[in-house]
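Given these sequences and hints, build the entire structure.
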Amino acid sequence: MPFARRPLSPVRRRAAQALAVTGAAAVLLTGCGSSGTSGSSSSASSSAGSSPAGDAAGGGNGGKRTVKDATGKAVEVPAEPKRIVTLTQEDLDAVLALGVKPVGITNGQGLNEPPAYLKDKVQGVPVVGNLLQPVLDKVIAAKPDLILAGDMQDEQMLKQLREITPATLVTMAPTDDWKLAFKGIGNAVNKLDQANKVIGDYEAKAAKAGGELTKNKGAAVSIVRWNPTGPSWMEKKQFASGVALDMGLTRPAAQDKDGNAHSPALSLEKVSEIDGDWLFLSTLTDDGKSALKDVQSKPAYQELNAVKNNHVVTVDGSVWSTRGGPLAADVVIGDFGKALGGN
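At position 147 of the sequence shown (counting the first as 1) the number is 147 in our numbering, and the numbers step up by one without a gap.
The hints are simulated quantities; they were obtained by calculation from the structure and are not laboratory data.
Be careful, since some hints might not be right.
Claimed, not checked - Between beta-carbon pairs, the in silico distance windows are:
no.	residue 1	residue 2	range
1	Asp137	Gly341	47 to 55 Å
2	Gly341	Glu163	51 to 59 Å
3	Asp137	Asn310	47 to 55 Å
What the hints assert, rightly or not - List time: in silico DSS-like cross-link candidates among lysine-lysine, alpha-carbon distance up to 30 Å:
no.	residue 1	residue 2
4	Lys143	Lys121
5	Lys236	Lys205
6	Lys289	Lys237
7	Lys293	Lys119
8	Lys159	Lys64
Remember, it's a predicted structure, so these values are computed and weren't measured experimentally.
Yeah, the Cβ is synthetic: ideal placement off N, Cα and C, and Gly gets one too.
Take a look at the structure:
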């Protein structure tokens, strides 16, 4: 995957701001006309209307609900979807956290296989393509009655997916955080109450884990992804950064910036920006790993306080550098706890 795709680069984020006015909060608006359980949360909204293409998809006949996706589009979905295809690991993380096993998934970010932290939960589930790059024949073979399309912005692909099933939802707006997107996905699969409970449980766990860090409580943690062109630090509302803040940790002054993206790749002359009490480093590609290895012998890197204090921790970029979900958040809490002396 191109580096700047996920999370958003600052330039792309600014360009996307205008498209994200409604955001995934709109997903929380649902229509009536269903026997829905926990997901129904408002009065009727106008139906997006279904097409005969839906007849070709698998799924039950247990009624329909209308929801709004992350772009504000009204979409008719099954009241109780049975055959869900996820096109991002964030969508996959979300449905698994809600106890739903999909019938088709995509590979993880920067991977040619499902994300390692979810792999044991998706044994036997067909892979229908790479992240946001589904192979249409494979999607058709999965017979979905609901497709969760993540932050897909390819309108031509979305049109083709909606011909497979009209119940195709964009689940993340460019500036949404993972909790908001997760609630929207929970609503789309009619499990909003359960999604709210999952978030509550996560927040309690994060606060508890942060309180157990003893000498490292409130430490300034640098969160960095190393790219072929240099390191980028994550802004405060990026997924892993948000987990850190929920644990009561802080960010170094140079990284104490609002936003859910990352900095531009830094030159060696600016590498001091990645310093902190602790440095959590990840990569996504072999080129990134090679670039990190090359710089580790250079004085500018070796002079970082985190390096001199042996406070550098290598973490999984396919978890830490994503847009996140409750299962990924659990991994990040565990990584922080193990490194900083809690849990």
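Against the structure, the hints come out as follows:
1. Evaluation of the 47 to 55 Å hint for Asp137 and Gly341 yields a pass: the beta carbon distance comes to about 50 Å.
2. Here the CB-CB span from Gly341 to Glu163 is close to 53 Å, well matched to the stated 51 to 59 Å.
3. Separation of Asp137 from Asn310 is about 51 Å and conforms to the stated range, judged on CB atoms against 47 to 55 Å.
4. With a C-alpha separation of about 20 Å, the suggested pairing of Lys143 with Lys121 holds against the 30 Å cut-off.
5. Note on Lys236 and Lys205: the hinted pairing holds, with a Cα-Cα distance of about 20 Å set against a maximum of 30 Å.
6. Restraint check: the Cα-Cα separation between Lys289 and Lys237 comes to about 25 Å, which is no more than 30 Å; the hinted pair holds.
7. Under the criterion of a C-alpha separation no larger than 30 Å, the hint pairing Lys293 with Lys119 is consistent with the structure, at around 28 Å.
8. Straight-line distance between C-alpha atoms of Lys159 and Lys64 comes to about 21 Å, which keeps the hinted pair within the 30 Å bound.
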